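Undergrad: Residues per chain, in single letters:
Protein chains: 2
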Amino acid sequence: MSNQQEVNMYDALRKYVSEYSGAPVTDEEFELIKVAFTSRKIRKKQYFLQAGDVCKYIAFIVKGALRQYSVDDKGLEHIIFFGIENWWVSDRESFTMLTPSRFNIDAIEDCELLVATSEQMQHLVSNSPAFRKTIALLDQRHSIATQKRIHASISMTAEDRFLDLLQNNPTFLQRFPQNMIASYLGISPETLSRIRKKALQK
Amino acid sequence: MSNQQEVNMYDALRKYVSEYSGAPVTDEEFELIKVAFTSRKIRKKQYFLQAGDVCKYIAFIVKGALRQYSVDDKGLEHIIFFGIENWWVSDRESFTMLTPSRFNIDAIEDCELLVATSEQMQHLVSNSPAFRKTIALLDQRHSIATQKRIHASISMTAEDRFLDLLQNNPTFLQRFPQNMIASYLGISPETLSRIRKKALQK
Numbered sequence: 001m002s003n004q005q006e007v008n009m010y011d012a013l014r015k016y017v018s019e020y021s022g023a024p025v026t027d028e029e030f031e032l033i034k035v036a037f038t039s040r041k042i043r044k045k046q047y048f049l050q051a052g053d054v055c056k057y058i059a060f061i062v063k064g065a066l067r068q069y070s071v072d073d074k075g076l077e078h079i080i081f082f083g084i085e086n087w088w089v090s091d092r093e094s095f096t097m098l099t100p101s102r103f104n105i106d107a108i109e110d111c112e113l114l115v116a117t118s119e120q121m122q123h124l125v126s127n128s129p130a131f132r133k134t135i136a137l138l139d140q141r142h143s144i145a146t147q148k149r150i151h152a153s154i155s156m157t158a159e160d161r162f163l164d165l166l167q168n169n170p171t172f173l174q175r176f177p178q179n180m181i182a183s184y185l186g187i188s189p190e191t192l193s194r195i196r197k198k199a200l201q202k
Numbered sequence: 001m002s003n004q005q006e007v008n009m010y011d012a013l014r015k016y017v018s019e020y021s022g023a024p025v026t027d028e029e030f031e032l033i034k035v036a037f038t039s040r041k042i043r044k045k046q047y048f049l050q051a052g053d054v055c056k057y058i059a060f061i062v063k064g065a066l067r068q069y070s071v072d073d074k075g076l077e078h079i080i081f082f083g084i085e086n087w088w089v090s091d092r093e094s095f096t097m098l099t100p101s102r103f104n105i106d107a108i109e110d111c112e113l114l115v116a117t118s119e120q121m122q123h124l125v126s127n128s129p130a131f132r133k134t135i136a137l138l139d140q141r142h143s144i145a146t147q148k149r150i151h152a153s154i155s156m157t158a159e160d161r162f163l164d165l166l167q168n169n170p171t172f173l174q175r176f177p178q179n180m181i182a183s184y185l186g187i188s189p190e191t192l193s194r195i196r197k198k199a200l201q202k
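Quick mapping for you: the protein sequence lines, in order, are chains R and C. Counting from 1, one number per residue, gives the positions in the first sequence under my numbering. Counting from 1, one number per residue, gives the positions in the second sequence under my numbering.
Because the hints were derived from the structure by calculation, they are not lab data. Errors might be hidden in some of the hints.
With beta-carbon atoms standing in for the labels, derived distance ranges [as the list claims (entries may be wrong)]: (1) R/Val7 with C/Arg40: 30 to 40 Å; (2) R/Arg141 with C/Lys15: 56 to 66 Å; (3) C/Lys74 with R/Val35: 34 to 44 Å; (4) R/Lys74 with C/Pro100: 16 to 26 Å; (5) R/Asp139 with C/Leu173: 49 to 59 Å; (6) R/Arg175 with C/Glu85: 43 to 53 Å; (7) C/Leu137 with R/Thr117: 17 to 27 Å; (8) R/Val7 with C/Lys74: 49 to 59 Å.
Below, a list of computed lysine to aspartate or glutamate pairs in the EDC-like style, where the Cα atoms sit at most 16 Å apart [what the hints assert, rightly or not]: (9) R/Lys198 with R/Glu159; (10) C/Lys63 with C/Glu28; (11) R/Lys148 with C/Asp72; (12) R/Lys74 with C/Glu6; (13) C/Lys74 with R/Asp72; (14) C/Lys34 with C/Glu6; (15) R/Lys74 with R/Asp53; (16) C/Lys148 with R/Asp11; (17) R/Lys133 with R/Glu6; (18) R/Lys63 with R/Asp110; (19) R/Lys74 with R/Glu85; (20) C/Lys198 with C/Glu159.
Since the model is a prediction, treat every value here as computed from it, not as a measurement. Ideal placement from N, C-alpha and C gives every residue a C-beta, glycine not left out.
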């Protein structure tokens, strides 16, 4: 990776933290961010995490798309998470408890990531007010989003869950193949195909 | 409520914070906790929160059982959360964003609660290290638990979700009626009844 590319990656994170926290990132804080995060490229189909390993890193996605999924006894994949630009990805349980993960995380497109360990994140949170505010807001939004997803899973029909995704994350439908979208919604590809046709006719 | 009962309620929270954070609660911190939380009793079937209202309080459950649920257009209830002793209850989205809630929270048994506003919680987190550690751990466990629940909802059969509940929260099955357990699992009471019989025969 050229130096210029690396510079752009860190600038992307600086911009994100500044916009998200609503607080300017001072040069001093930016230096801390640059020390904490390492740039990493992974190509399409490569793994960021493999089930059984400890998830040592969290990644800020500068470019690309990833998914987090488990594989059951029958070899079926269950996608719990999609991540694209300006999202964060890690297996939170494994990352915070340092236990082996049950999930895989792999790249659906070529990715440019900025990665940090739990210790590095904690150090940043302790020393950068803008970063601390960003993480607090992120945790809050994550908590709200997961509550919504649980509510959707127990209360909404497959069709309504699809329409919800279409409304809130339309990009997912362009960037991830149909079989993965079906897995994310917890339905079969056949059901998704039927629902899509019906929705597009409306 | 007698003074002695109130004392016992605060002692329950002190014990909880001390055990959860692994740090002793100093007398000074305990005074802060007592100032932040107000004791409140609600009787079975009374509401802690009604849909459409802003969830101004979070409650620590000293005694009793509550549920959080939405009601859809057809009048069907969808239970997203059960809380018993030593659990916390609030609608996180409404509580943190101060937006009207889509959820109801009501008492399934007579309850003794300690309640605090978002401001009071933030003040405590800023001023009590033991309380701050407790909340950080709580957020972490909450995040892990919700990830597990989402994973279960997209990857597990209704039977496996029931067995999972039986293993991890067996008390729920004794304290909440069958129709509520079914709603929590996102299945019909008839399906739950069939699954229960099958599971008990094993």
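Undergrad: Now, for every hint given, state plainly whether the structure supports it.
TA: Tested hints:
1. R/Val7 with C/Arg40: 30 to 40 Å: Once the Cβ atoms are compared, 55 Å apart, the range 30 to 40 Å for C/Arg40 and R/Val7 is violated.
2. R/Arg141 with C/Lys15: 56 to 66 Å: violated, 32 Å
3. C/Lys74 with R/Val35: 34 to 44 Å: Taking Cβ atoms as reference, C/Lys74 and R/Val35 lie about 55 Å apart, which means the hint is violated.
4. R/Lys74 with C/Pro100: 16 to 26 Å: violated, 43 Å
5. R/Asp139 with C/Leu173: 49 to 59 Å: violated, 31 Å
6. R/Arg175 with C/Glu85: 43 to 53 Å: For R/Arg175 and C/Glu85 the Cβ distance comes to about 45 Å; the hint holds.
7. C/Leu137 with R/Thr117: 17 to 27 Å: Because 19 Å falls inside the window, the suggested range holds.
8. R/Val7 with C/Lys74: 49 to 59 Å: Roughly 56 Å apart at Cβ, these two residues keep to the hinted range, so it holds.
9. R/Lys198 with R/Glu159: The given pair, whose Cα atoms are some 9 Å apart, holds under the 16 Å limit.
10. C/Lys63 with C/Glu28: violated, 25 Å
11. R/Lys148 with C/Asp72: holds, 14 Å
12. R/Lys74 with C/Glu6: Answer violated: R/Lys74 to C/Glu6 is near 54 Å, above 16 Å.
13. C/Lys74 with R/Asp72: violated, 35 Å
14. C/Lys34 with C/Glu6: holds, 10 Å
15. R/Lys74 with R/Asp53: violated, 21 Å
16. C/Lys148 with R/Asp11: Not satisfied, since the Cα-Cα distance of roughly 34 Å exceeds 16 Å.
17. R/Lys133 with R/Glu6: violated, 25 Å
18. R/Lys63 with R/Asp110: holds, 8 Å
19. R/Lys74 with R/Glu85: Violated, at about 32 Å.
20. C/Lys198 with C/Glu159: holds, 9 Å
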